[in-house]
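A.B. asks: Starting from the given sequences, assemble the full structure and let the hints guide the process.
Protein chains: 2
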Amino acid sequence: MRTPLEQSILIQIRPEKADRDRILAVARRLVAAVDQSGIAEGMVVGSVARDTWLNGDRDLDVFMLFDPSLPRVELEEKGLTLARSIASVYGKRYQEKYAEHPYINALVDGLDVDLVPCYRVASPHQIQSAVDRTPFHTRYISERIGPYTDDVLLLKQFAKTGGYYGSDQMTEGFAGYLCELLIYQYKGFTPLLEAASRWKRYTVIDIEKIAEKEFEDPLVVIDPVDPKRNVAASVSAAQKFSFVEMARGYLERPSAGFFTLMEEPPLPQEEFAEILADRGTFLYCILLRTPSLIPDIVVPQLRKSMAALQGLLERNGFVVNRSDYCMQERLSMMVFELLVDRLPTVHRHAGPPVWERDNALKFLTKERPHLYAGPFIEDGIYVVEIARRHTSARTLLSSSEILETGLGKHVKLSLEEGWEVREGTDCWQEDFSSFLGGFLKKLSPLTRIRKMEGEE
Amino acid sequence: MRTPLEQSILIQIRPEKADRDRILAVARRLVAAVDQSGIAEGMVVGSVARDTWLNGDRDLDVFMLFDPSLPRVELEEKGLTLARSIASVYGKRYQEKYAEHPYINALVDGLDVDLVPCYRVASPHQIQSAVDRTPFHTRYISERIGPYTDDVLLLKQFAKTGGYYGSDQMTEGFAGYLCELLIYQYKGFTPLLEAASRWKRYTVIDIEKIAEKEFEDPLVVIDPVDPKRNVAASVSAAQKFSFVEMARGYLERPSAGFFTLMEEPPLPQEEFAEILADRGTFLYCILLRTPSLIPDIVVPQLRKSMAALQGLLERNGFVVNRSDYCMQERLSMMVFELLVDRLPTVHRHAGPPVWERDNALKFLTKERPHLYAGPFIEDGIYVVEIARRHTSARTLLSSSEILETGLGKHVKLSLEEGWEVREGTDCWQEDFSSFLGGFLKKLSPLTRIRKMEGEE
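In the order they appear, the protein sequences are chains A and B. Per the numbering used here, residue 1 is the first one in the first sequence, and the count goes up by one each step. Per the numbering used here, residue 1 is the first one in the second sequence, and the count goes up by one each step.
Calculated from the structure, these hints are not laboratory results. Predicted model, so just to flag it, every value in this text is computed and none were measured.
It does not matter which identical chain is used: a pair holds within one copy or between any two.
With a Cα cut of at most 25 Å, we get these calculated SDA-like pairs of lysine to any residue:
1) 409 / 102
2) 160 / 12
3) 200 / 379
4) 366 / 199
5) 366 / 278
6) 187 / 200
7) 451 / 363
8) 451 / 370
C.D. replies: Dropping the structure here:
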């Protein structure tokens with residue numbers, strides 16, 4: 001029933017036997033180590049546990065299930081101690097990381113292993129933090145996904161190509177668990193695509209018919225183990241419809257391109273300058289030191305900060321065409337493409353309505369250094385024309401006003417150390433050149449795939 | 001009870017005895033002429049009939065009341081014939097004019113006389129056109145306004161100073177009849193100002209408690225002779241609150257300035273250029289031949305056309321700070337002050353939502369000469385970046401696209417003959433220099449009065 005194309009793709013994306021054996025051996029070894037501690041129970045979760053990992057994936061999640069009577073502080077303490085001792089015995093190097101609570105990330109036999117302490121609760125109703133839910137997900141999927149593991153692999157690779165695989169905040173996309181649930185709901189890759197190609201603005205999927213809550217997200221997939229949770233909460237409308245678009249395109253004319261990862265090639269500075277000149281827009285970027293935290297924490301803060309700065313620009317009259325952000329190891333960039341970067345001195349400032357007598361009087365008699373016009377009355381509202389605080393986007397972005405917007409916490413801390421504003425072709429920088437190329441030549445996933453095919 | 005200030009003002013604004021006698025004599029003579037025709041009855045209406053005209057006013061309205069059984073076409077024919085014969089006997093020169101229906105405007109003894117045919121209906125419910133209502137207004141006011149004629153004079157002069165006297169479309173303000181009703185409602189000039197100083201966003205005055213309809217206008221004064229009509233329908237929020245503002249200012253510190261007409265002085269070209277440079281904005285104007293119709297018809301069309309062109313500018317990305325218009329004998333001007341008059345080539349064009357499958361497919365496969373970016377997906381909507389049609393406000397305002405906006409009928413006909421676009425200091429023209437000065441240095445009436453006082 002698989003097409004020859006899908007068969008050939010599966011050969012590439014299924015884990016190779018040697019790899020598979022090695023990963024499973026490491027998994028078994030680490031679980032045994034947790035069990036032998038006597039204080040916790042080991043459990044492999046994630047795609048390795050469900051046999052739905054893609055060839056080349058090097059991620060292994062081992063959970064350490066502790067007794068739920070243990071106080072939270074002790075769980076963290078004992079959990080980290082155990083994880084550290086296991087990591088130091090089996091791993092090459094390890095580091096402490098922090099999501100909802102701390103865990104250990106270790107390099108073991110070339111695998112990127114997360115050792116995560118959690119509570120061994122009897123039912124999902126009793127979970128104390130999000131990680132306690134994961135073992136239930138693994139059990140739910142493991143019991144059902146057997147016939148569809150190849151379909152899950154195809155979907156994951158498809159979503160990776162489209163740039164919306166992963167529930168991390170960077171991609172806002174389809175988590176592995178979500179891929180598995182979608183495949184299970186529609187019983188296969190092709191039936192899912194057929195359904196998705198007809199998805200409307202809002203889609204609700206409730207496999208176990210247990211929903212206890214209404215969601216406003218563009219895609220709602222009720223968690224079979226937690227009726228109050230939307231597994232697809234992180235999927236943005238843009239990502240949902242990138243999937244819908246690719247589903248339509250694939251059904252119409254399938255090709256290997258739908259499973260072929262294409263990194264945005266770095267954009268040379270010259271070409272960057274040409275594109276920018278062609279567009280005629282005013283590009284500004286802010287460079288800041290990347291906060292030393294995991295992307296799952298930094299990226300949403302960058303997104304929030306970018307939106308806050310876009311708001312600041314627009315409130316000051318600078319029209320933003322598009323904005324984006326990119327987190328890299330050392331530096332992060334927020335980029336703003338403006339249609340207008342210089343404005344006249346005159347700035348209209350609306351005061352109170354004339355019918356609010358006390359406010360109107362205060363406004364009228366206020367001392368002002370210089371008025372260009374007014375006070376005058378428009379639609380019953382007092383207006384004065386005063387000097388604009390920032391007549392150029394550069395002075396605005398360079399001013400401390402940006403620190404008073406709704407920035408993410410750690411992004412704000414980083415900006416307080418300083419930031420750099422660049423303009424036009426100076427925004428180009430080697431390590432951001434792929435990002436900037438993708439930004440300026442922005443395409444939907446299907447358009448990018450078809451374009452690649454056309455160029456071949 | 002009159003303050004010495006008000007007494008001294010009244011001496012200036014009450015018609016002089018000689019003038020008064022002359023006007024009343026002309027009025028009597030014309031009414032007698034209508035009566036003698038045997039086909040209609042003469043009646044003086046307007047401020048002369050009510051003894052509420054200002055010194056220097058030269059307007060006299062004589063209505064010719066015909067039998068309501070006369071067909072409309074005959075009314076116009078016979079009415080114009082009679083008016084012409086009277087005008088040619090008593091007047092120096094005359095011309096036919098047209099509002100809701102035709103009438104004769106004649107110069108008689110230095111007075112600007114309108115001879116208007118209408119129906120002599122038994123009650124306001126039977127009126128066939130707006131002019132039939134006028135005799136009822138005159139009767140209503142004449143029977144009541146006696147004790148308050150001085151108050152009406154003060155209010156009219158006060159409103160003239162503020163620039164909102166007259167119901168014509170140019171001023172959008174307070175008609176004579178409205179002034180009379182307001183004075184009658186509050187029993188005097190000062191009590192009216194005290195009430196107005198506390199007016200809220202919406203004000204409803206219903207002297208006879210007969211309202212049969214709700215209005216959304218900022219000021220509603222139910223016509224005592226027609227419960228479905230708002231006498232203040234032409235009063236804009238800006239004008240209502242100009243009056244409110246002046247009322248507060250006068251009560252706080254009365255002065256002759258509130259009754260002293262101040263023409264905006266012509267602004268010399270040099271000073272105009274200085275102000276413009278100081279503001280830093282981009283001024284554009286459109287000059288067109290003034291349609292040969294009365295201001296009451298042309299002015300609302302200019303206002304509508306200006307709003308339509310402002311919309312066109314804004315839809316094309318050119319940010320408008322303010323706009324205004326000015327009708328003069330030969331030429332009319334619409335002026336637009338822009339914050340942005342040049343824009344980059346790139347123009348974002350939103351397409352259909354991805355979930356509208358057929359439209360989405362058509363959009364995706366549409367042939368386009370050149371795309372700067374896209375199609376990409378934002379919030380589930382397809383977007384492409386294409387070449388902007390107009391990258392400068394001048395080419396937009398010079399293009400035939402302006403003829404496809406919601407222009408007033410006769411303004412459109414005039415523009416179809418051609419128009420001139422001017423920019424920056426070239427907008428200056430001798431006969432529009434007062435208008436342009438008032439536009440650039442826009443002030444509320446009270447601010448203007450206080451400023452004059454400060455300069456004295």
